[in-house]
Amino acid sequence: MRNGNWICCRTMDNGEREAHLAYLQAQADGPTDSFVLLEHSLGKALACAVIGLLFGALGIWLTTLAVRFSPGASSGVIWLMSGFGLGLAGVGVAGLACAVVLYRRHGKRVLSVTPDTLCFANAQAPTPLDSFDGFEVEQGYFTTRLIFTVSAFSHAPVLAPACFRALASPDAVVVAGGLRVRLWLCTPVVAGRRLGLQELVDLLYAYVQAAQARRTLAQLFPGVARLGEAAR
Amino acid sequence: MIMSEFNDPLSELSGSLGQDYEQSRAAQRDRVIAELKQVIERVPEQSEFTNSRRYRIWGPVLLLGALIITAVTFNPERLGAVAAGVFITLIAAAVTWQHRNAGTQVFMRLTRRQLFVDTLDAPVDLAEVEDVSVKDEGLVMVQTLEMTSEAVLPKHHVVKLQFFGNQAMVLKKPRPQIRIMSAGLASNGRKLGNEEVLALLAAYRDAAHAQRQLDLLQNDG
Numbered sequence: 001m002r003n004g005n006w007i008c009c010r011t012m013d014n015g016e017r018e019a020h021l022a023y024l025q026a027q028a029d030g031p032t033d034s035f036v037l038l039e040h041s042l043g044k045a046l047a048c049a050v051i052g053l054l055f056g057a058l059g060i061w062l063t064t065l066a067v068r069f070s071p072g073a074s075s076g077v078i079w080l081m082s083g084f085g086l087g088l089a090g091v092g093v094a095g096l097a098c099a100v101v102l103y104r105r106h107g108k109r110v111l112s113v114t115p116d117t118l119c120f121a122n123a124q125a126p127t128p129l130d131s132f133d134g135f136e137v138e139q140g141y142f143t144t145r146l147i148f149t150v151s152a153f154s155h156a157p158v159l160a161p162a163c164f165r166a167l168a169s170p171d172a173v174v175v176a177g178g179l180r181v182r183l184w185l186c187t188p189v190v191a192g193r194r195l196g197l198q199e200l201v202d203l204l205y206a207y208v209q210a211a212q213a214r215r216t217l218a219q220l221f222p223g224v225a226r227l228g229e230a231a232r
Numbered sequence: 001m002i003m004s005e006f007n008d009p010l011s012e013l014s015g016s017l018g019q020d021y022e023q024s025r026a027a028q029r030d031r032v033i034a035e036l037k038q039v040i041e042r043v044p045e046q047s048e049f050t051n052s053r054r055y056r057i058w059g060p061v062l063l064l065g066a067l068i069i070t071a072v073t074f075n076p077e078r079l080g081a082v083a084a085g086v087f088i089t090l091i092a093a094a095v096t097w098q099h100r101n102a103g104t105q106v107f108m109r110l111t112r113r114q115l116f117v118d119t120l121d122a123p124v125d126l127a128e129v130e131d132v133s134v135k136d137e138g139l140v141m142v143q144t145l146e147m148t149s150e151a152v153l154p155k156h157h158v159v160k161l162q163f164f165g166n167q168a169m170v171l172k173k174p175r176p177q178i179r180i181m182s183a184g185l186a187s188n189g190r191k192l193g194n195e196e197v198l199a200l201l202a203a204y205r206d207a208a209h210a211q212r213q214l215d216l217l218q219n220d221g
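Protein chains in written order, with the numbering used here: chain P, 1 to 232; chain L, 1 to 221.
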């Protein structure tokens with residue numbers, strides 16, 4: 001929408017222009033309430049714990065079996081069994097660690113969105129919504145990824161670095177040299193209700209679209225925008 | 001005096017119409033300039049890129065694997081197998097050695113107008129880039145810049161005996177094209193994915209096109 005604006009205004013006649021303006025105004029109204037997007041990862045934490053326990057138990061059982069049979073069986077078989085058992089136990093420990101981390105991640109705030117701003121979990125301050133050009137939602141097997149496109153690198157939010165702790169909290173990272181912000185979550189929850197992919201897209205889209213429309217209107221009528229700021 | 005008063009309404013009308021036209025033209029021009037500036041300021045003034053550290057990690061792993069294979073299959077009666085093992089080990093050692101400083105040396109630079117690559121003898125004018133594509137299948141990342149047919153192409157020089165090194169290739173046929181090959185791409189120590197590289201290249205290309213239009217506009221008036 002942004003790039004084509006002046007071109008389409010030039011070729012428009014008055015009627016079209018008015019229709020476009022009415023459309024922009026309708027879009028600019030947008031949603032008025034704020035919401036907080038929370039992470040729901042309890043199910044996945046449980047699944048990880050169960051898998052981890054299962055593998056761990058199997059591994060320990062194999063290892064003890066190897067130790068018990070060690071006088072009788074050949075050394076090759078013992079090595080193989082204990083190696084395999086220890087490997088399984090390692091997988092089990094990793095699964096349990098994942099479960100702990102996901103449990104800590106559960107219920108944390110991913111995004112807080114107001115009609116004008118968007119705040120990431122690890123951001124120092126909310127970012128104005130109109131500094132985002134758009135966003136993408138990617139549904140993976142286990143996670144949902146949210147990628148916001150920033151309209152200019154200088155508008156990218158200042159984020160605390162997310163290292164391994166990013167597993168335990170839904171932190172965002174600035175990628176593509178400051179042109180994008182990326183984060184992932186297990187299941188998005190808003191006001192206690194789980195959201196499907198389409199619902200999440202619709203929800204965020206309404207906010208981003210309204211902010212964009214307001215920015216375009218402000219560019220077309222700077223005076224009115226200043227009045228609006230003063231009234232607020 | 002009388003004559004001029006008599007003529008006034010018409011000339012005033014045409015004058016004011018002309019003024020209106022000039023004003024709307026000026027306003028439109030300002031808006032276009034603002035739009036162009038927005039596109040230009042989307043990207044930082046300069047971004048520097050190094051290759052990623054994939055072979056700094058995989059080189060030693062490969063070397064260790066090759067050494068183990070050579071040691072396990074070592075048998076003086078089968079010289080062929082030994083030679084093959086030694087050959088693989090040597091290549092793995094060379095990869096490890098060549099990539100010991102991977103991810104620290106800047107070999108590619110993007111500005112709002114030009115692209116600089118170490119192995120190209122002149123900068124590439126980004127405003128002459130039509131299309132960009134990025135491909136990385138795990139070994140080497142290839143960035144392809146499709147140039148306009150009248151673009152002035154630089155010359156590349158080949159770095160010899162480099163395994164997965166940073167290379168650039170200028171092709172005139174079938175279409176003018178510049179290919180930049182490297183072991184992945186990283187900026188500020190962060191590895192970049194295919195889509196991120198594509199987004200960056202496209203954003204810089206757009207900025208260069210906008211810059212060129214802006215220059216034209218400002219030269220006109």
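Simulated from the structure, these hints should not be mistaken for laboratory data.
Please note that a few of the clues may not be correct.
Within a straight-line C-alpha distance of at most 20 Å, the following computed SDA-like cross-link-like pairs (lysine to any residue) qualify [as the list claims (entries may be wrong)]:
#1 L:Lys191 with P:Leu167
#2 L:Lys191 with P:Val173
#3 L:Lys37 with P:Gln219
#4 L:Lys191 with P:Thr149
#5 L:Lys37 with P:Ile147
#6 L:Lys191 with L:Gln46
#7 L:Lys37 with P:Arg182
#8 L:Lys191 with P:Pro161
#9 L:Lys37 with P:Ser151
#10 L:Lys37 with P:Ala152
#11 L:Lys191 with P:Phe153
#12 L:Lys37 with P:His155
#13 L:Lys37 with P:Leu167
#14 P:Lys108 with P:Arg145
#15 L:Lys37 with P:Lys108
#16 L:Lys37 with L:Asp125
#17 L:Lys37 with P:Leu217
#18 L:Lys37 with P:Arg145
#19 L:Lys191 with P:Gly85
#20 L:Lys191 with P:Ala160
#21 L:Lys191 with P:Ala162
#22 L:Lys191 with P:Arg215
#23 L:Lys37 with P:Ala218
#24 L:Lys191 with P:Leu159
#25 L:Lys37 with P:Pro222
#26 L:Lys37 with P:Ser131
#27 L:Lys160 with L:Gln114
#28 L:Lys191 with L:Leu120
#29 L:Lys37 with P:Leu220
#30 L:Lys37 with P:Arg215
#31 L:Lys37 with P:Asp133
#32 L:Lys37 with P:Phe153
#33 L:Lys155 with L:Lys191
#34 L:Lys155 with L:Arg175
#35 L:Lys191 with P:Gln219
Quick rundown of the hints versus the structure:
1. Simply put, L:Lys191 and P:Leu167 have alpha-carbon atoms about 19 Å apart, close enough for the 20 Å limit, and the pair holds.
2. Proposed proximity of L:Lys191 and P:Val173 is supported: the alpha carbons are some 13 Å apart, at most 20 Å.
3. For a cut-off of 20 Å, the pair hint linking L:Lys37 to P:Gln219 stands: about 14 Å separates their Cα positions.
4. A distance of roughly 18 Å separates the Cα atoms of L:Lys191 and P:Thr149; the hinted pair therefore holds under the 20 Å criterion.
5. Taking the CA atoms of L:Lys37 and P:Ile147, the gap is near 25 Å; set against the 20 Å cutoff, the hint is violated.
6. A distance of roughly 18 Å separates the Cα atoms of L:Lys191 and L:Gln46; the hinted pair therefore holds under the 20 Å criterion.
7. With a C-alpha separation of about 26 Å, the suggested pair L:Lys37 and P:Arg182 falls outside the 20 Å cut-off, and the hint is violated.
8. Note on L:Lys191 and P:Pro161: the hinted pairing holds, with a Cα-Cα distance of about 15 Å set against a maximum of 20 Å.
9. Between L:Lys37 and P:Ser151 the CA atoms are separated by roughly 12 Å; this keeps the pair inside 20 Å, and the hint holds.
10. Among the hinted pairs, L:Lys37 with P:Ala152 is consistent with the structure: their alpha-carbon atoms are about 11 Å apart, no more than 20 Å.
11. Restraint check for L:Lys191 and P:Phe153: satisfied, since their Cα atoms lie roughly 18 Å apart, inside the 20 Å limit.
12. With a C-alpha separation of about 15 Å, the suggested pairing of L:Lys37 with P:His155 holds against the 20 Å cut-off.
13. Note on L:Lys37 and P:Leu167: the hinted pairing is violated, with a Cα-Cα distance of about 39 Å set against a maximum of 20 Å.
14. For the hint linking P:Lys108 to P:Arg145, the alpha-carbon distance of about 16 Å falls within 20 Å, and the restraint holds.
15. Using a Cα cut-off of 20 Å, the hinted pair L:Lys37 and P:Lys108 is violated, with the two alpha carbons roughly 39 Å apart.
16. For the proposed pair L:Lys37 and L:Asp125, the alpha carbon gap of about 18 Å is at most 20 Å, so the pair holds.
17. Between L:Lys37 and P:Leu217, the direct Cα distance comes to roughly 18 Å. Compliance with the 20 Å bound is thereby established for this hinted pair.
18. For the hint linking L:Lys37 to P:Arg145, the alpha-carbon distance of about 31 Å lies beyond 20 Å, and the restraint is violated.
19. For a cut-off of 20 Å, the pair hint linking L:Lys191 to P:Gly85 is broken: about 36 Å separates their Cα positions.
20. A distance of roughly 18 Å separates the Cα atoms of L:Lys191 and P:Ala160; the hinted pair therefore holds under the 20 Å criterion.
21. Between L:Lys191 and P:Ala162, the direct Cα distance comes to roughly 15 Å. Compliance with the 20 Å bound is thereby established for this hinted pair.
22. With a C-alpha separation of about 33 Å, the suggested pair L:Lys191 and P:Arg215 falls outside the 20 Å cut-off, and the hint is violated.
23. For the proposed pair L:Lys37 and P:Ala218, the alpha carbon gap of about 17 Å is at most 20 Å, so the pair holds.
24. With a CA separation close to 18 Å, the supplied pair L:Lys191 and P:Leu159 stays within the 20 Å bound.
25. Annotation: proposed proximity of L:Lys37 to P:Pro222 holds, straight-line Cα distance about 18 Å (limit 20 Å).
26. At most 20 Å may separate the alpha-carbon atoms for a hinted pair to count; L:Lys37 and P:Ser131 meet this at roughly 15 Å.
27. Note on L:Lys160 and L:Gln114: the hinted pairing is violated, with a Cα-Cα distance of about 26 Å set against a maximum of 20 Å.
28. Proposed proximity of L:Lys191 and L:Leu120 is contradicted: the alpha carbons are some 23 Å apart, above 20 Å.
29. Using a Cα cut-off of 20 Å, the hinted pair L:Lys37 and P:Leu220 holds, with the two alpha carbons roughly 16 Å apart.
30. A hinted pair counts as satisfied when its Cα atoms are at most 20 Å apart, and L:Lys37 with P:Arg215 qualifies at roughly 16 Å.
31. Proximity of L:Lys37 to P:Asp133 is assessed by CA-CA distance (about 16 Å); at most 20 Å being required, the pair is judged to hold.
32. For the suggested pair L:Lys37 and P:Phe153, the alpha carbons sit about 13 Å apart, so the restraint of at most 20 Å is met.
33. With a C-alpha separation of about 28 Å, the suggested pairing of L:Lys155 with L:Lys191 is violated against the 20 Å cut-off.
34. Distance check on the hinted pair: L:Lys155 and L:Arg175 sit about 15 Å apart at the alpha-carbon level, within 20 Å; holds.
35. Of the supplied pair hints, the one linking L:Lys191 and P:Gln219 is violated, its CA atoms being roughly 37 Å apart against a limit of 20 Å.
Checked against the numbered hints above, the structure violates hints 5, 7, 13, 15, 18, 19, 22, 27, 28, 33, 35; every other hint is satisfied.
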